[in-house]
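J.: Sequences listed follow chains A and B, in order. First residue of the first sequence? That's 1 in my numbering, and the numbers climb one at a time after it. First residue of the second sequence? That's 331 in my numbering, and the numbers climb one at a time after it.
What the hints contain is simulated information worked out from the structure, not anything from laboratory work. A portion of the hints provided could be inaccurate.
Said to hold, decoys possible - Only pairs whose alpha carbons sit at most 27 Å apart, straight line, appear in this in silico DSSO-like list of lysine-lysine:
{"id": "1", "chain 1": "B", "residue 1": "Lys459", "chain 2": "A", "residue 2": "Lys261"}
{"id": "2", "chain 1": "A", "residue 1": "Lys305", "chain 2": "A", "residue 2": "Lys261"}
{"id": "3", "chain 1": "B", "residue 1": "Lys591", "chain 2": "A", "residue 2": "Lys129"}
What the hints assert, rightly or not - Stretch-level coverage of chain A by chain B, calculated; a stretch enters the list once three of its residues show a Cβ under 8 Å from a Cβ in chain B:
{"id": "4", "stretch": "130–141"}
{"id": "5", "stretch": "197–210"}
As the list claims (entries may be wrong) - Taking CB as the label site, the calculated pair distances span:
{"id": "6", "chain 1": "A", "residue 1": "Ala165", "chain 2": "B", "residue 2": "Ala659", "range": "58 to 68 Å"}
{"id": "7", "chain 1": "B", "residue 1": "Ala639", "chain 2": "A", "residue 2": "Asp103", "range": "53 to 63 Å"}
{"id": "8", "chain 1": "B", "residue 1": "Gly406", "chain 2": "A", "residue 2": "Asp103", "range": "26 to 36 Å"}
Ideal placement from N, C-alpha and C gives every residue a C-beta, glycine not left out.
Protein chains: 2
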Amino acid sequence: MIPAPYLLYLGHSADFIGIKTSRGLATFRRDDCVGEFRHDDCPLTLDLPRLTMAEGAAAGAKTLVLGIANSGGSMGEDLIQDAIAGLEAGMNIASGLHQRLRDEPRLVKLAESKGLQLFDVRDPPADLKVGNGYARAGRRLLTVGTDCSVGKMYATIAIADAIRARGIKADFRATGQTGILIAGAGVPIDAVVADFISGGIEMLAPARDDDGWDVIEGQGSLFHPSFAGVSTGLLHGAQPEALVLCHDPSREHMRGLPGRKLPSLAECLEANLQVARLTSPDVRAVGICLNTSGLGREQALELCKMTEAALGLPCTDPIAFGVEAIVDAL
Amino acid sequence: MIPAPYLLYLGHSADFIGIKTSRGLATFRRDDCVGEFRHDDCPLTLDLPRLTMAEGAAAGAKTLVLGIANSGGSMGEDLIQDAIAGLEAGMNIASGLHQRLRDEPRLVKLAESKGLQLFDVRDPPADLKVGNGYARAGRRLLTVGTDCSVGKMYATIAIADAIRARGIKADFRATGQTGILIAGAGVPIDAVVADFISGGIEMLAPARDDDGWDVIEGQGSLFHPSFAGVSTGLLHGAQPEALVLCHDPSREHMRGLPGRKLPSLAECLEANLQVARLTSPDVRAVGICLNTSGLGREQALELCKMTEAALGLPCTDPIAFGVEAIVDAL
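Just chain A, same shape as in the assembly (with noise of 0.2 Å):
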């Protein structure tokens, strides 16, 4: 586990999306949260105090999340020197990249040094085995969405969170580096083995019969050209009773590749239908998620109801209006 609580790092980023983990945990671990580290280049905040690595550690910071996440997942020199900085003032280093904190020399020997840790969240589990797409018992809820970074992650924990207040027993399972670091456990379902994927979500979400829900997290879209393949494996893996797509509608493009088109609302559910029935034959949809943040409330309100009557189908805001009419069709 990683020693709470925690720095976060937002670093140069101007891009919203790509604070993403270090957002993810000021959201939902609030108060495992000191303060958040940013250069004056970054125009983001996550409204908590902004602090120097020293300050962070002295505010008892005992890791420094750097919590950015970029298409590749590369460690430029810069964020090299501020996980140094890090280690200096006496924190353990998190990171959720794709390029390992391990694999950098310099850090090695310091953390080795001051006696800290390096966390590479995006280690996939050694034992992993491919999928076989056999019918187990349990109930299991996978969110899917229109792109990448859409708020699938918010509306798995919304639904967990929303099925366990009524009493039934639920798991939010983590499949990428955020949720993993919320949840402290998981799969980063991104950085395995190709031949694992489906394998991978099968040991994440095993057969269970007390029951209670798995609430799996969904990773990028059948219609992202980078990570489709992710997704497809992840479906079949999940076999899931139940979807939810996730979307959000202030999207220009796929993220990442500008004059790419996102796919319409009911293209894409009809699509995940299709892909999940290969290992769940019964799969139903059950709701749809939109990140309306950038719209006003009425007018939230207004395509949350139009989207409803289009797909015939509870469409909410998870964050804005909550996840009761979906837990409702559950």
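The hints should help you fit chain B onto chain A, whose structure is shown.
T.: For chain B alone, kept in the frame of chain A given last:
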């Protein structure tokens, strides 16, 4: 490059498909193979001289190729002992298994002390990028399958050869360990980190403007719950203008999954075209390749004719009848 000639390892294998890497080399690089190594309980042969390790080395073998493939790709103690014997006899070792030779300290130590090399063919390139799906120049054909191990590699090599025989440039682009050993290059796509599947194929078959073809080896199947994520990313990264569907009519269930039925050819073709359209909107199917090795010649011809009539596409067995009809359709 892996030094030839080779001694091909069959070990204790009793599974004709399980020895496909050794068999591929015996078929397509036969002049480079001095013999086969098998234990007494191995009922298979590649019709090469059966040699001990010492005899193989004496016959000039520079490398022992551990050309067996098992689901999951682990390396048992038997295999390690045989690899040790190969090194003791003075041969380098090459392996396409997921589990790496270099992760077995006994092999690393012995190879070092003998001045021999260990080749992990399944090591992906270090500089992979995520795919982007943007339209790129060049003509590309991809083989897809109803299942794993149904003859995609054979079909791909045959098609590349047949295009070249007509005076048009064509390159076989290998995506699996067997193909990579045959071609001497390629990207082991089932071994890359999941986020890089489509990007790995974009690197393997980059834009080209010489009117030549990239003939890309498919992997897995959209209908195989263990590996469909790989097949999906491969389709997106390949951005193929043409698909060839490969099928083994004798297959009773999806490979490794008793009880799971194969899709129909029509259903499989339609699903592949649909997924491919994300990055190649005008993709078309140009032919069907059947592995009819279990049938008599008359039966095989009859089956090809029936399939041709049913699907409206040229159908052939690449080994028995060649691929001219498919190349005509290009």
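J.: Counting residues of the stretch 130–141 of chain A with a beta carbon closer than 8 Å to any beta carbon of chain B, are there 3 or more?
T.: Check passed, 5 qualifying residues.
J.: Would you check the hint for Lys459(B) and Lys261(A), treating anything up to 27 Å between C-alpha atoms as holding?
T.: Holds: Lys459(B) and Lys261(A) sit about 21 Å apart, inside 27 Å.
J.: Would you mind confirming whether the straight-line C-alpha gap from Lys305(A) to Lys261(A) stays at or under 27 Å?
T.: holds, 24 Å
J.: Quick one: are Gly406(B) and Asp103(A) within 26 to 36 Å, going by C-beta?
T.: Roughly 29 Å apart at Cβ, these two residues keep to the hinted range, so it holds.
J.: Look at the Cβ atoms of Ala639(B) and Asp103(A) and judge whether their distance stays inside 53 to 63 Å.
T.: With Cβ atoms ~56 Å apart, the hint holds.
J.: Using the Cβ atoms, figure out if Ala165(A) sits within 58 to 68 Å of Ala659(B).
T.: 59 Å Cβ-Cβ, so the 58 to 68 Å window holds.
J.: Check the hint pairing Lys591(B) with Lys129(A) against an upper bound of 27 Å on the C-alpha distance.
T.: holds, 21 Å
J.: Counting residues of the stretch 197–210 of chain A whose CB is closer than 8 Å to a CB in chain B, do you get three or more?
T.: holds (count 3)
When each numbered hint is compared with the structure, no violation occurs for any of them.
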